[in-house]
Amino acid sequence: MTTDAKSRNTDAALRRKRRNLLLTGCTTLGALLLAAIFLMPLGYGAATALKDKDGVSDPNASLLPVSALTFAYEGEELDVYAVPMPDGEVRELALVEPGRESSVFVDPGDAAAGTIDWEGRWRTLEPVTGLAPQWGNFEEAWSTIDFLRLMGWTLMYALTTMLFTVVSSAVVAYGFARFRFPGRGILFGLLMATILLPPAVTLVPKYAVFLQMGWVGTYLPLIVPQLFANAFNVFLLRQYFMTIPRELEEAARIDGAGPIRTFLRVIIPQALPALTAVSLFHFFYAWNDFFEPLLYLAGNRDIVPIGVGLSYFSGVYNSEPHLILAASILALALPVVIFLAAQRVFVRGIVVTGVDK
Amino acid sequence: MRITPPLRGRGFAAARAIAVGGAAALLATACLDGGGASSASDRVEIRWFVGMGAGSDAPTIPAQEAIVEEFNASQDEIELVLEIVDADQAPNILSTQISTGDAPDIVGPMGIRGRSTFPGAWLDLTPHIEENEYDLTDFDPALVDFYRIEEEGQIGLPFAVFPSFMYINLDLFDEAGLPYPPQEYGAPYIDAEGNEKPWDIATMTELAKQLTVDAEGNDATSPDFDAGNIVQFGFGNVFADIRAQSTLFGAGSLVDAEGNAQIPEHWAEAQQWYYDGMWTDHFIPNGPYGDSDMLNAGSWFESGNLGMGYTHLWYATCCMAGFEGTWDTAVAPAYNGETTAKLHADTFSITKDTEHPDEAFEVLTHLIGDAAEELTQTYGGMPARISLQDGYFDRVGDANFEGQDINWDVAVEGMSYVDNPSHEGGMPNFLESEAVLAEYATRFNQEEGLDIPTELASLQTDLQAVFDAAE
Amino acid sequence: MSNFTEAVLAARRKGGRGGRPASPMQRREARWGYAFISPWIIGFILFWAVPIGASLVFSTLDFQLTDPGATTFAGGSNWERALSDPDTWTALAATFRFTVLFLPLSLVVALGLALLLNSKHLKFTGLFRLLFFMPSMIPLVAGILIWQQVLNPQTGWVNRLIGLSGVDATGSDGIRWFDNPVLVLFAFSFIGLWGIGNSMIVNLAGLQGIPTELYEAAAIDGAGWWRRLGSITLPLLSPVMFYNLVIGSVLVLQYFVVPWVLFGASGRPGGASKFLLVHFYQEAFVFGNMGYGAALAWLIFIVVAILTGLLFGTARYWVHYGTERS
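Chains as they are written, first to last, in this note's numbering: chain D, 69 to 425; chain Y, 244 to 714; chain F, 881 to 1206.
What the hints contain is simulated information worked out from the structure, not anything from laboratory work.
Source: prediction; values computed, not measured.
A portion of the hints provided could be inaccurate.
To be verified - Each computed DSS-like pair below joins lysine-lysine, with the alpha-carbon atoms no more than 25 Å apart:
id, chain 1, residue 1, chain 2, residue 2
1, D, LYS85, F, LYS1003
2, Y, LYS440, Y, LYS452
3, F, LYS1000, D, LYS85
Stated by the list, open to error - Now the stretches of chain D that chain Y is said to cover, found in silico as 3 or more residues with beta-carbon under 8 Å:
id, region
4, 270–282
5, 307–315
6, 337–347
Claimed, not checked - What the simulated footprint calls covered on chain D by chain F, stretch by stretch (three residues with Cβ under 8 Å from a Cβ of chain F suffice, anywhere in the stretch; the number is not a length):
id, region
7, 251–265
8, 403–411
Idealized CB from N, CA, C, for every residue including glycine.
Please model the complete structure; the sequences and the hints are all you need to start from.
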């Protein structure tokens, strides 16, 4: 190879590298921008969770959880404003007595000098503010609804049903995806029908059935049905199983593996990303589940999951947006950790089906 | 090759076949129904359902739990079980329970509205009152009669009353340099110049306009006022539906003596006044303003951005926790020389399907008896028991507004001006009628430029159609 | 219905050989098939058959939830009423309007996000996946509360941001997301897109199942990004996209919680939020007419079933399963 060709080669490589770097930069930046827009409401939620109730309803409220600087004067907390004085100087004064066209202020630095009368409209003044996040909201939300107990029950509920539904749904989905048997079409139609029928219409008879079984007031109506597969999950896993090349199973069968072993050794490893996805969906669904736990656990307030617990902050007449949001953010912590942990399975998914061939 | 047609073919037929079998199975189990849950202990289980009124907010829960514990410890015949349900979902949960034969035994606290939501679901208490020779002399007889419903009997006993009055944000009045409204029924309003004016809707409207301010500090009477940038409102009827709002202009009913739909004349005037107040003069929050955080998404007075808020006594305990500043009471303004202060009253009722009516009655009398003092304070109602009313406001004031001097006499005196007929009274086909009202109210609150007489005429037509369907 | 495509494919595999399977091997396969799906069959009989049957019976009764004792047989009158009720047709129209807008939008966005998150050019993929999925983990009550305030015409961030560009977006003459029958569909769409995490993850899982050597081969052939998308990614992702399409249609046709929390049964603005399920829920649970409600629910079921059936019918033209040999 001549030096000329060599340099041309490295040139091309360099160019490719630069192009890749540019692409990476643009993609990541674009994603960042997109995420910023996408998460803007969440930012609002977080800001609100850090405001005090007064800050939530302040019409001139800043986007951030700031609050006006205050000054204690004669037993009252006064807001501090930037007041332009007649001599052109802008002074930071505390508002003692607001009035429509003239107000009384006091200088926080020199309260002994007495009050200052000021002509003008105080509403047009800029309040002097400082960032004052109300971390206490989290504490209040935590203690008001007995957060740890709620979390414990929610975790129990979410994890058991997740385990039940993923195992049973995978088994059923494999049956529908890979075996031919008479009536399969009708049975699958029936399975889909349980998704298509609005769940609310079967609510009353379902409640009657569980009442007969004596299960109302316990977690049984919420947990036991998950042992018998869930149509949404079956459908998703079936779709996924059907993308797995049949050659893999055939090879296993030639090696003498029966259907169960094929399922465990071939299908499950191949479908790990999909199984993780189903597990995640179910976990988050159960984590936030609200109506059915409320219905079946109404008489047993000690064991309700977090979704029901949150509802105690939103009365008809008295909602506490800052507390609901603080509690929601607290409740988000564990799912986030679980999601991050599940990520590793996704990454492994790439390894299994990609580089590893 | 087998090609199955889509679902409506075979799948549907199969579903139908299974459905028929399933229905038969359901009927069979229904026949075998032994009934409610038999508790492990030999105590009779009495379920107390909370959520049809006050009681499902986080701060009220511990007090209720304490009362249940106390009651269970005090005797060994009855096991009282508390079921607290989010108020939004309570009607659904309760209707599911009732329809599956799993009704709770006691429901409450519950207003007259709860009764109307579940017509026919409540036990007539008359035989139990007679059998136990229950003493009713501690109640105002008019209040006892409040729960005597034609064809259904005595479906509840008085527990708490919530008179209404004006909540006044004193700081906002001071800022505007306006004197406070009167705290005595019949007293005039004395303005800043010392002129006496009758305390009526017209005077209140003027005050409200002066208390409505935009971001630049212009009030609603100023030509520079910017209606798109209001930061403080003058007046609002807090958490009030159409009937509740209109009652400020006098009691009335949408049902006439023959059972037909009507719009009382003074209610039509009220509607016009409210609508102009929202959309033309801007001193009442309209839908978009009223739903915003600035006005606490509905809990307007608590936000500190409302000068005068008209509502009931319960607002002081349910919703004033976030209020910063000083406030006091004032009487309702008169209209055409007459003052009306609408009333809410709560009760506990026993469901008709209860299997243990005697035990349930025992719990009920405990709740409106020995536990009433504690419970009324928790829910913020004035005790219906005359013997408990003494000192009640001192306790409420100490518990919620320490160090503030609030004139509660206004609330008590308001009891002489209550609305009759009640603004929560029954209507034929109640829930559907309410839905028609809600639909009207939505347009009313959200849309600019409506012609109110036309809207009311079509409201009357729609109501009549729903009333007719009841027959 | 499901085996529609498989039947076609199977027939193709077997060179068009039809007829009934009866060999011992096929019987054995059938037995294993039943064994695998048996958990669901048992669950169906235990927890579904009775409620489904009962709801069908309800639709022929005059059944008031609050007064079950007074139930009488009503024959087909509930069904007749369901078809002649003008609210049913309003609801159907509202539901279809929203479906036409939101379904394609959500499918495209979910696919786009998944492609972005699967891109080898993206750094910090783990973080981004979390960020885009996070809103799906927020409890719905809190999510709706947030959006209600973010889109508030007076104080909401969205209108304030639009206001920064000079347009007067706030106030009663501004952009009122919840008071215009068209804008509200966009408001619903925003809220819907916020919860798109699930479809995104489904796509992502599908993308990761695609063997990378296919892309390597295509790259050697000199195929560009769009060609690779069209000839490798989309066909191999089609079963997963089919799932998203079917589940997406079912969920959007049964759209309920968000409009219910925001507007109740009012249909505000201008009937745009009166979806089929809102109509059903109002009749069945607010008014307590379980009989009429059940008829409505079954009507909704039929509509959704027909549409899903059609989707399954089209699957043979565009859904490629791994069972096919290339």
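How the hints compare with the structure:
Note on D/LYS85 and F/LYS1003: the hinted pairing holds, with a Cα-Cα distance of about 15 Å set against a maximum of 25 Å. Pair hint Y/LYS440 plus Y/LYS452 holds up; C-alpha atoms about 16 Å apart against a cutoff of 25 Å. The suggested pairing of F/LYS1000 with D/LYS85 holds, with an alpha-carbon distance near 13 Å, which does not exceed 25 Å. Coverage of a stretch by a chain is defined here by at least three residues with a beta carbon nearer than 8 Å to that chain's beta carbons; for the region 270–282 of chain D and chain Y the count is 9, and the condition holds.
Proximity of the region 307–315 of chain D to chain Y, defined as three or more residues with a beta carbon under 8 Å from a beta carbon of that chain, is not established by the 0 residues found. Given a C-beta distance limit of less than 8 Å, the hint that chain Y covers the region 337–347 of chain D is violated, as 0 residues qualify and 3 are needed. Coverage of the region 251–265 of chain D by chain F holds [criterion: at least 3 residues with CB-CB distance below 8 Å; count 13]. For the region 403–411 of chain D, the stated coverage by chain F holds: 5 residues have a C-beta nearer than 8 Å to a C-beta of that chain, and at least 3 were required.
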